[in-house]
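What follows is the residue order along each chain.
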Amino acid sequence: MPLPTPKSRKPNLDSVTTINPDGSHFILHPADVHGRFTTWRRIVAILLIVVYVAMPWIQINGAPAIFLDVEMRRFHIFGLTLVPQDLWVMFFAISGLGFLLFVVTAVLGRIWCGWACPYTVFLEHVFRVVERWLDGDAPARRKLAAAPWSPRKILKVSIREGIYLILAALIAHVFLSYFVSIPRLYSFMQAGPFDHLTAFTSVFLLTAALYFCFAHFREQFCILMCPYGRLQSALTDDDTIIIGYDEARGEPRGKATDLTAGHCIDCMRCVNVCPTGIDIRNGLQLECIGCSACIDACDEIMTKLDRPTGLVRYDSMRGLAGQKRRILRPRLYAYFLLGLLGLTVLSLTAFFRAKPITAEISRMRGPSFFQDPAVIRNHYQLRVFNKRNQPMNFEIKLKDAPVGYEITGSGQTFVLEALKEIARPVVVVVPLDAYTGPVMLEIEIHGQPGNATVIQETKFLGPNPNAIHREPPTP
Amino acid sequence: MKRLWIFVSLAFILLVTAWTCLIVIAVRNAPETVPVSSSQKP
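Line by line, the protein sequences are chains A and B. Going by our numbering, the first sequence opens with residue 1, and the numbers climb by one from there. Going by our numbering, the second sequence opens with residue 1001, and the numbers climb by one from there.
If you are wondering where the hints come from, they were derived from the structure by calculation, not from laboratory data. Possibly wrong hints are sitting among the right ones.
Computed from the model, here is a short list of chain B residues facing chain A with C-beta under 7 Å [as the list claims (entries may be wrong)]: (1) 1010; (2) 1011; (3) 1018; (4) 1024; (5) 1026.
DEER-style ranges, computed between Cβ atoms [claimed, not checked]: (6) A:85 <-> B:1013: 50 to 56 Å; (7) A:437 <-> B:1013: 39 to 45 Å; (8) B:1013 <-> A:70: 17 to 23 Å; (9) B:1026 <-> A:420: 44 to 50 Å; (10) A:134 <-> B:1013: 41 to 47 Å; (11) B:1009 <-> A:393: 34 to 40 Å.
Every residue, glycine too, gets a C-beta built ideally from N, C-alpha and C.
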């Protein structure tokens, strides 16, 4: 027998407020809140949305700032072009950024979740804004949800859900442009859905997932599915800055006129504004995404009561317990050093490896060397790959070679089209007189524009020099 | 360049070890499993 869905739920530590006893979703309608943190969160969110939308439009080195070109298997990241062979550096990038995020989490708790996570940014600053604009404040939304279906309700819900769908589609299209670039996205949109079925299916599924999450699933994603949220308990400690309730100051709760009571008047504003439906006064909970709505809500009440603000505030468990606060601690150093290590390797490899060209010299199949009456030749194969979105002029030369060694033939300079690879022979010769035995050579491949240089080491092979100079071969 | 690769390899081993340690610690400190009671009635 299904359990009845309650009209309201009181937050407690034994169950998740937003999940009914029968397992169904208890839809929350958080109340409006105003305050300094809410204002700053809105500003940060708008900036992040602008960055998200603008990235595919900004061109760096002939490619969008972030362009993960899956089709051509080139990954352009802020002017750096990576090919699949370079992708191992992503382990270091993810490790570096991951551990630095752990540093931030160890110091500031779930600041990422509340302020910068794309899910929170779109949910709180786009979808809930639309909902507030169309359906009114929390009591009005609750009333609409509880009302029986009528033509007016059907119209209101249809308009709201329609706008949600359009917003989800917009976010999905911007997301797709990170993988196909804006001009191609535009051409895809002009063509029919079946001309680019993979792209269309991706956008369709992403739109559906975003619509479901932002319109209906909402805080359940953070509570039930987000792996980062689950890691919090392992990353934070008593010195982490969290959002907490000053129990010593607030308890015992009582009316504002009761002078023997603590500062908390049990007005439930902090509960009513919470987007995950918890009571912050019950202490740190896994559902708290650190959005700071309860801080602004409580500060507003405290200001009205002419009491000091900060009854609910950003503080560590130690700070809330009246003990000395501590920021620098061993786990912080460990996370920071690991993060730094990842980013150092990323920077080094990006500097040494991830150049706009790749070039490799290998010895041609067949004899190791060719001996003519006058010269000794070595044949190599050069493979050059232009990773940039523009043609490049290449020049091949020997770097600091011994006297007499030179590259012959007409292939010392050539033009390579954008994103093209070429394999061509390179012949190095040395006059017999100058030959003194096998020697290491450095072949320099220089590409313009971009001033990219790759130096490849190879061995120049030949016969025993003593044998040559004693018995010169006859023609 | 050879020294660079030694550094990169050591960094890789260290970071993989760190990730492994973190995952092991997180798994060992996972919240207790609460069995869902089928006898719960309203």
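Outcome of the hint check:
no.: 1; hint: 1010; result: violated (9 Å)
no.: 2; hint: 1011; result: holds (5 Å)
no.: 3; hint: 1018; result: holds (5 Å)
no.: 4; hint: 1024; result: violated (10 Å)
no.: 5; hint: 1026; result: holds (4 Å)
no.: 6; hint: A:85 <-> B:1013: 50 to 56 Å; result: violated (21 Å)
no.: 7; hint: A:437 <-> B:1013: 39 to 45 Å; result: holds (40 Å)
no.: 8; hint: B:1013 <-> A:70: 17 to 23 Å; result: violated (30 Å)
no.: 9; hint: B:1026 <-> A:420: 44 to 50 Å; result: holds (46 Å)
no.: 10; hint: A:134 <-> B:1013: 41 to 47 Å; result: violated (55 Å)
no.: 11; hint: B:1009 <-> A:393: 34 to 40 Å; result: holds (36 Å)
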